[in-house]
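Engineer: Protein chains in written order, with this note's numbering: chain P, 1 to 426; chain B, 427 to 852.
It should be emphasised that the hints constitute simulated quantities derived from the structure, not laboratory data.
Where hints are given, some of them may not hold.
One-sided excerpt, in silico: chain P residues whose CB lies under 8 Å from chain B [to be verified]:
#	residue
1	Y23
2	S102
3	A263
4	Y382
5	L400
6	E402
7	L405
We treat Cβ as the ideally placed atom computed from N, Cα and C, and that holds for glycine.
Number of protein chains: 2
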Amino acid sequence: MKPYVEMSKEELTAEYEALKASYQSYVDRHLSLNMARGKPGSDQLDLSRGMLDVINSASDLTASDGTDARNYGCLDGLPEAKKLLGDMMDSDPEDVIVYGNSSLNIMYDQIARSYTFGVMGNTPWCQLDGPVKWLCPVPGYDRHFGITEFFGIEMINIPMHEDGPDMDAVEAFVKDPAVKGIWCVPKYSNPGGVVYSDEVIDRFAHLQPAAKDFRIYWDNAYCIHHLYEEIDIPDILKACKEAGHPDLVYKFGSTSKITFPGAGIAALATSPNNKKDILNQMKHQTIGHDKLNQLRHVRFFGDLNGLKEHMKKHADLIRPKFEAVEKTLNEQLGGLEVGTWTNPKGGYFISFTGLDGTAQEIVAKMKEAGVVMTGAGATYPYHKDPHDSNIRIAPTLPPLDEIALAAEIFATVVKLVSAEKLLAQK
Amino acid sequence: MKPYVEMSKEELTAEYEALKASYQSYVDRHLSLNMARGKPGSDQLDLSRGMLDVINSASDLTASDGTDARNYGCLDGLPEAKKLLGDMMDSDPEDVIVYGNSSLNIMYDQIARSYTFGVMGNTPWCQLDGPVKWLCPVPGYDRHFGITEFFGIEMINIPMHEDGPDMDAVEAFVKDPAVKGIWCVPKYSNPGGVVYSDEVIDRFAHLQPAAKDFRIYWDNAYCIHHLYEEIDIPDILKACKEAGHPDLVYKFGSTSKITFPGAGIAALATSPNNKKDILNQMKHQTIGHDKLNQLRHVRFFGDLNGLKEHMKKHADLIRPKFEAVEKTLNEQLGGLEVGTWTNPKGGYFISFTGLDGTAQEIVAKMKEAGVVMTGAGATYPYHKDPHDSNIRIAPTLPPLDEIALAAEIFATVVKLVSAEKLLAQK
Chain P
1 MKPYVEMSKE ELTAEYEALK ASYQSYVDRH LSLNMARGKP GSDQLDLSRG MLDVINSASD
61 LTASDGTDAR NYGCLDGLPE AKKLLGDMMD SDPEDVIVYG NSSLNIMYDQ IARSYTFGVM
121 GNTPWCQLDG PVKWLCPVPG YDRHFGITEF FGIEMINIPM HEDGPDMDAV EAFVKDPAVK
181 GIWCVPKYSN PGGVVYSDEV IDRFAHLQPA AKDFRIYWDN AYCIHHLYEE IDIPDILKAC
241 KEAGHPDLVY KFGSTSKITF PGAGIAALAT SPNNKKDILN QMKHQTIGHD KLNQLRHVRF
301 FGDLNGLKEH MKKHADLIRP KFEAVEKTLN EQLGGLEVGT WTNPKGGYFI SFTGLDGTAQ
361 EIVAKMKEAG VVMTGAGATY PYHKDPHDSN IRIAPTLPPL DEIALAAEIF ATVVKLVSAE
421 KLLAQK
Chain B
427 MKPYVEMSKE ELTAEYEALK ASYQSYVDRH LSLNMARGKP GSDQLDLSRG MLDVINSASD
487 LTASDGTDAR NYGCLDGLPE AKKLLGDMMD SDPEDVIVYG NSSLNIMYDQ IARSYTFGVM
547 GNTPWCQLDG PVKWLCPVPG YDRHFGITEF FGIEMINIPM HEDGPDMDAV EAFVKDPAVK
607 GIWCVPKYSN PGGVVYSDEV IDRFAHLQPA AKDFRIYWDN AYCIHHLYEE IDIPDILKAC
667 KEAGHPDLVY KFGSTSKITF PGAGIAALAT SPNNKKDILN QMKHQTIGHD KLNQLRHVRF
727 FGDLNGLKEH MKKHADLIRP KFEAVEKTLN EQLGGLEVGT WTNPKGGYFI SFTGLDGTAQ
787 EIVAKMKEAG VVMTGAGATY PYHKDPHDSN IRIAPTLPPL DEIALAAEIF ATVVKLVSAE
847 KLLAQK
């Protein structure tokens, strides 16, 4: 089929009428599907059931350093848990702090403490005269933007390219001392699936921010979440150390999408100075995190190889879902010039970019047809997509047949809304 | 033996020399004992080993409302976990939020959010002109005081009586709008073992603080931690509701000293207004806490009766330790008028009050003899015990024979330091 823009009014009207009928047939089915959030499917969760057996009433619950994992203490985590997550995050165990079940919570707390108490002796952000500013590569992760918005931090959009954020823009903006941080998902970014290039990472490591308390929030949420072969990127912390800026970055990771999203373990890795600063503040907040769950993870996986083998099983389950969506979009939308989409090599999302001014309408029509999508605009700070064109597709949660159906509906709705839009302009 | 103060200089000198020799004999044994922290002994932790079996690879991990406990979501906790902890805390499940493994962390976060975002629409504390003030019944819990000190909150000592805090003082101080809260451990208080009387609780419920965002931080850490028969106190939240002040209190509780201090679950119970306010802020911080651990607790205990039966086993293990300390103090110090101590009916501590100006010296000499105690002053804000007389004894962690020995040494050191002090005044 030829591009919609090249169709005559009559051709496009005929197409539009056919799409309306097709759409109505979906609405009439009263479906209830969900492609909104990056949640693992229950088959993926089943992969980690065995983790619930490795710690039981007969287990020795003593950690490698003699700590009774059942009792109080051990603020930065068990040595073996620091090793496992350190290996996963390309970090020395000594640079790691293992927390509870949520890396989002670590990031929130990190900003909360910077706001109230300051970073390594710098002025607490709540005592600054002007607003704190933050760089937000877009499209990006709504919960990241939610934290900075909640703290009243002024968010600045940074364009994302195929190799990472626009580093010219980043380098220009960090000259402003009010700019205190940037959100990064360096591998299989949410939602674009972008893998930062070596050059981008090198430029991050050599950033010269005006603010001494500027930090890169490096949320490597999908570090081992490959759909195909393993893709490695340079370690930002090592690169920062080599560039003479060891304190420039906080790295975050978790097992939320490896074991259980509700019951994984999360970690931060950073320089010794940053780690000391964090622990000095954190010691007032808690005596320590759940060490039995740390032990459970360590004994289930053994080591990094165990983690990687496990991730291959995840990939086998979700790869077909990604491919089903991509196939449908190719078949249904290919050549129509009504949108583009990513074909990620890992992570949890496909990013769809439609015609300007169509995203909200597409998501609304999907809802009417019983398919919940991530809200349009969610991938931008303040939920303001300047082009109203980006939609995040999360294909992991529903079973394969439901995903295939949802993708069919999505393609139909994209065509319907695009045709309507273009007709109005004719 | 007669009181030291009534002894002649010669009598006391002889006693002092004998004590010095006795003390030296302990020092020569190069012991390593610990009565510093309120940690359960490993025999107590063994009581909960069975909890590690109730959730395993074969378990149905669906909660009563259909939630897959393994996946994301459920911000305020699983319904059955809210019920279990609600019952434990005398609260309606609907008033409960179940968190992660630490009630201290809940309290910290509560103060952090009040500081940054404010309580129910009131001015954030960081934006107030003068310092925030806080009431601290003394002696009290060092980690409570640590949080408020960390936030730069001005702490005001409130005397503790046998039936709770001095309510005349509390009622007077809350007339100051800068006073935003009070730390309370209403049952078996840390360290005094005080149980608040019905009258004290009633006066709390009828408080008329000038600050609309004043909250009672009601840390009912030992609500079912009886050493003897069950002691009940009126529910403060119900009392506040009846007094027309439903939003006056946050109640805190946890299973840290019921199951595992590192891997328990913690909860907050409060009014619907407060709960809504908290969740509206908390939703930016986390997607939800560890629901598998919530399920583990629910399935292990079943209901409140299960919890209570379990606590009887704890009591059977630690009651002899408390009684060993009390017996030694009675036998060794009775009639000497060198100190008083509590005989708690529950909780985790015995509070010892020696002669003025002796606590630091006693703790230092204990350390020399190989027995680590809670630091002198720790039971007061800023670590400043105005009389340098209070020492917290934590008898639960060491085995019974070690506790008995540590108590012997403690009694000897108390006598030694007291005799030295009194001799210097003769």
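Engineer: Quick check: which numbered hints come out false for this structure?
Structural biologist: 1, 4, 5, 6 and 7
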